[in-house]
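Asker: The chain contents come next:
2 protein chains.
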Amino acid sequence: MKVLHTADWHIGKKLHGYDLLPDQAYILDQILTIAKSETVDAIMIAGDLYDRSVPSEDSVRLLNQTIAKWNLTEGIPLLVISGNHDSATRLATGAPWFNQANFHLQTRLQDAFTPIEMGNTQFYLLPYFEPVDARIYFEDPDLRTIQKTMPKVIEKMQASFDPNKKHFLISHFFVAGSSKTDSETKIEVGGLDGINGKLLTEFDYVALGHLHGKDALKLDNARYSGSPLKYSLSEKDQQKGVWIVDTQTNEFSFRELTPLHEIKELQASFSELLDPDFYNAVNREDYLSILLEDRAVIPNLMNQLRQVYPRIIQVERANGFETAVSTRLKAENIKEKSPIALTEDFFTEVAQTDLTTQQKKWIEMGLQTSLQQGGAS
Amino acid sequence: MKVLHTADWHIGKKLHGYDLLPDQAYILDQILTIAKSETVDAIMIAGDLYDRSVPSEDSVRLLNQTIAKWNLTEGIPLLVISGNHDSATRLATGAPWFNQANFHLQTRLQDAFTPIEMGNTQFYLLPYFEPVDARIYFEDPDLRTIQKTMPKVIEKMQASFDPNKKHFLISHFFVAGSSKTDSETKIEVGGLDGINGKLLTEFDYVALGHLHGKDALKLDNARYSGSPLKYSLSEKDQQKGVWIVDTQTNEFSFRELTPLHEIKELQASFSELLDPDFYNAVNREDYLSILLEDRAVIPNLMNQLRQVYPRIIQVERANGFETAVSTRLKAENIKEKSPIALTEDFFTEVAQTDLTTQQKKWIEMGLQTSLQQGGAS
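So the protein sequences, as listed, match chains A and B.
So in full-length UniProt numbering, spot 365 of the first sequence is number 365, and the numbers just go up one at a time.
So in full-length UniProt numbering, spot 351 of the second sequence is number 351, and the numbers just go up one at a time.
Excised from the complex, chain A in its bound form (with noise of 0.2 Å):
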């Protein structure tokens, strides 16, 4: 049996202000496509499928169209939990009905301990929770870290391992551990909130959700899938996808995904950026943070840049300013200074430049009938 695992969807982030809602409904259509392409028994969603507790109508409708036609209209088995995003209650709305057509959604510990059996595999579907959910659960109020709570969690689990199957965990948390193989997995993910990785070494595969890299974690039987767009300028460098993850053999493999706009870095100076033979090699229609090489002021700086380049997260200079800001008013200059110098040194400091000799010459015309209105009131 082959399952898709993927998590952090976020539907209704914003990036930079920018709504992401097209990006997202692009990548969940190119997930259904490598989940039809590579005929998958079902589809592991690891938490975090809304960006907010309360999210947007927009948001509400995205998701709603994207499950009804995973599951209903495509027939794919969905096996769901809930992230520390998702409001729990909300999310669970019409989960009683959805078990009937083979989805399976879970947004409470109470319910994580009945696995779903499909194919050769039982999966337990662990939401995220709080501490305080597992000291009523067990009626233990020892229970004041996930620490504490996961080992008590996972033995009642084991208990109804049944040996002639596969056992599949999904959740949602972070997993301090490393392998040995790579530096990267030396990363401790989470601090004092990361569960041991050793807690879950029975499970012949875990589906995480909660990190945004693909790499954040490498155990042997466990995997963040990572968010499928890239979320912020950090994370402009991973590779987005999902897992494939074969039941008989526990083995896995990465599916990758096409954005439908990149989030780049482009460096370059303000004439190259409007220049055709730069702009036409390069796509426009990617989320840009632009490293600027001028040192110079530049008036009207973004909305010049944002006629060629409509989704520019942020400017940064290469090089820093030309002027290096020598002219920062001191206190006890002020008092010695006249009208007209001290405003000179204003306008040079806001603006990066000096005067012209026509605007010196109003602003000492402005000045003097300012104060000769002044004077006769």
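Do not take every clue at face value.
Derived coverage of chain B by chain A (criterion: at least 3 residues anywhere in the stretch with Cβ under 8 Å from a Cβ of chain A; other residues may be distant) [unchecked claim]:
id, region
1, 99-112
2, 135-149
Partner residues are not named here, just some residues of chain B that face chain A (Cβ under 10 Å, in silico) [said to hold, decoys possible]:
id, residue
3, E57
4, D58
5, N64
6, L72
7, T93
8, R284
FYI, nobody ran anything at the bench for these hints, they're computed from the structure.
Just so you know, even glycine gets a beta-carbon here, dropped at the ideal spot from N, CA and C.
Chain B: place on chain A using the hints.
Answerer: Below, chain B alone, put in the same frame as chain A:
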């Protein structure tokens, strides 16, 4: 076939700041009890399930639990539309899966023209919609009002009428109309936004939602169920309940609901209200509008009353105040009066009682001290 007609649950509504969720859970259970004792074949809910487009988590939980119990545990078919208080998009979450369980939830105009067939009846589920929805659906820019739109909607429904079946409409609108038997039915409801009741004559029964009184309109074939609870003081004399409709005979009869807490008016003096002989004879747990017979100012009135009556929604004076406020200060008087006289006037106006001799002394002392200090500073 027998069907139950209810509407306007407004889950999450507050009454003068009081959380009504316990009252709503109680009354919804009572509706289920009626449905079971009447062995109805379906329940129609004619919109406004929630009070707000973004309901609270507790509201979501109550609706989800209620609907799951009625439909899945009790196996009762449900015919439900969204009202103007519901977010059609949010309420529709899960709807594509519900049909399998004979739970039909329709929130979009375009779905209203495919009747749900059950037993001998075609049910048309017409959710609340705006004229813009009709302009898009009918591709007719002239549909600027509901009055213009409804004939087209009804006509299109009638095109799919099976002449061998009964035809029920579930809808959420103002209907203007009157029967000639009862003065109460002369009320024209909704004015400009009202739909002519004649449009509805082809239906065997029209289950309406929107107005909170069951007697808001009486046509031979149409009824508002009203809300299951009194949601404002103005509804205090309404008998709340549900309709039971026979689809064979089109006859309908009302089943009364008894709330967890009534809305009542109490008229009494303050001393009576705090007298056990009095308050043990009334239901102190009701939502109370109190008409106080005293005319004197009573310090700390609300706190004292609330210790006996926990759900006071308002207190009014049956006989006005003792001190007809004749001392309201006029601009011309103020300049002529001494600070002591002004303070006395102010106290009398606010406290509705005169200063005692001791209080007058304190004011004199205070003012003298204050004037002396003012001179010395």
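Asker: Checking against the hints above, which ones are violated?
Answerer: The structure conflicts with hints 2 and 8, although it agrees with all the remaining ones.
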